[in-house]
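Engineer: 339 is the number that the UniProt record's numbering gives to position 339 of the sequence shown; each next residue is one higher, with no gaps.
Calculated directly from the structure, the hints in this document are not laboratory data.
Check each hint, because a few of them may be wrong.
As the list claims (entries may be wrong) - List time: in silico PhoX-like cross-link candidates among lysine-lysine, alpha-carbon distance up to 25 Å:
{"hint": "1", "residue 1": "Lys-325", "residue 2": "Lys-293"}
{"hint": "2", "residue 1": "Lys-353", "residue 2": "Lys-178"}
{"hint": "3", "residue 1": "Lys-84", "residue 2": "Lys-325"}
{"hint": "4", "residue 1": "Lys-363", "residue 2": "Lys-259"}
{"hint": "5", "residue 1": "Lys-353", "residue 2": "Lys-259"}
{"hint": "6", "residue 1": "Lys-107", "residue 2": "Lys-293"}
{"hint": "7", "residue 1": "Lys-361", "residue 2": "Lys-325"}
{"hint": "8", "residue 1": "Lys-259", "residue 2": "Lys-285"}
{"hint": "9", "residue 1": "Lys-242", "residue 2": "Lys-259"}
{"hint": "10", "residue 1": "Lys-242", "residue 2": "Lys-214"}
{"hint": "11", "residue 1": "Lys-242", "residue 2": "Lys-293"}
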Amino acid sequence: MLDGVAEQKQHEQTSPKIATKSNDDESSHQGQQQQQQVATAPTSASQCDSQQSVDNGATTKTSQQFQLSQFELVRILNSNSTHKSVALLGHFRDLSREHQAIVTLEKTAFTEAQVQTTSGESERNSFFSAKSQLRTEFINDVYGNFQCLADPEINQLKVTIIYPASEKHIVKFAAQPKHLFEETAEDYQTVTLPHLEQEQLSLEWLYNVLEHRKEQDRIVFEDPADDGTGFILLPDLKWDGKTLEQLYLLALVHPRRIKSLRDLTAEHLPLLRNIRDRGTEAIRKRYGIGADKLRVYLHYQPTFYHLHVHFTFLQHDPPGIQCEKSHLLATVIGNLELLPDYYQRATLSCVFKETDKLYGKLKAATEGGGEEPESKRVKLE
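Build out the structure end to end from the sequences listed, making use of the hints.
Structural biologist: Okay, structure coming up:
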């Protein structure tokens, strides 16, 4: 599994990853666009530059170079010891002090090559090489605790840069209390849907992918069918495109009027089955991972409002797989087979950050309607 298949080596990802935009980072006016860059690349501790192209209205900037030595920290937004990651707010001195930037740093997973002990080329790219140095912290009987200073070439970080970062990006990445809310079908129609129509940021970045204007080399599979069942499969921002244990891909549907789970009816069953069948087959052929080792699901609320399906390796625990947020594709298909308008009727659980505008509107509508608010919202400590 660590090795994958030979074909994958021809498709290792070195280009920037997709930037998924959430309801937290949408603008306050529909269609408003901001100049924005999102660059993601594995990098060693000693070499931290990445390049990214960015659309700015009619002008396209290319080969914009970020240098971490020019980053000036304002504050730490979030630190996650479980995922070995940190999100930082600051700005790049050589670019603009007026524009804020968010930089996330994440430790990469170990690969089989990095733990080889045989001699030769593989040993030179391993933690078990002469380049690795141990510093003793303590030794007690049979137990020893050390720090390892490893070769920077194998001691890499995955770096994501959002520039310029809006206040909504900052809210999204900042640590804050979360709340569980049970959204009824009426809540969706009277509060959530109007909010999305008013607040959603342009999805031009996503349409660039669907129309092959950007990131063509990252596409793993495409079904271009124009009968409502077409989709594109490509790596998610959270995956480096190489470490199979952390495999994470997204299927972006070609139909543009399906925002989320709430829009799905029995009419969309051919689309969902096509994503399930052809998506898992494409992953098996490319990465050697069978359907029984994949977790295939949708989010509600989603991170952006154009229907997409997540494919992750079953042994990997990425963010957002909790029961209150994820819905297995097989379950979604089953629900629609039993009741064609299931998701137009169902009450769905949603998790919101405390400062989320949509959460504030839903809470206000619930309390204003005379219902018992505590039965519909629970604070997650």
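Engineer: Next step is simple, just say for each hint if it's right about the structure.
Structural biologist: Do the hints match the structure? See the list:
Taking the CA atoms of Lys-325 and Lys-293, the gap is near 20 Å; set against the 25 Å cutoff, the hint holds. In summary, the hint linking Lys-353 to Lys-178 is supported, as the alpha carbons are separated by about 4 Å, within the 25 Å threshold. The straight-line distance between the Cα atoms of Lys-84 and Lys-325 is roughly 22 Å, inside the 25 Å bound, and the hint therefore holds. Under the criterion of a C-alpha separation no larger than 25 Å, the hint pairing Lys-363 with Lys-259 is consistent with the structure, at around 22 Å.
Our distance criterion of 25 Å between C-alpha atoms is met by Lys-353 and Lys-259, whose separation comes to about 21 Å. In summary, the hint linking Lys-107 to Lys-293 is supported, as the alpha carbons are separated by about 24 Å, within the 25 Å threshold. Between the alpha carbons of Lys-361 and Lys-325 the distance comes to roughly 19 Å, so the proposed pair stays at or under 25 Å and holds. The hinted pair formed by Lys-259 and Lys-285 fails the criterion: a straight-line CA distance of about 29 Å is larger than 25 Å.
About 30 Å separates the Cα atoms of Lys-242 and Lys-259, which puts this hinted pair outside 25 Å; it is violated. At roughly 20 Å between alpha-carbon atoms, Lys-242 and Lys-214 fall within 25 Å of each other, so this suggested pair holds. Distance hint between Lys-242 and Lys-293 is fulfilled; the C-alpha atoms sit about 17 Å from each other, no more than 25 Å.
Of the numbered hints listed earlier, those contradicted by the structure are 8, 9.
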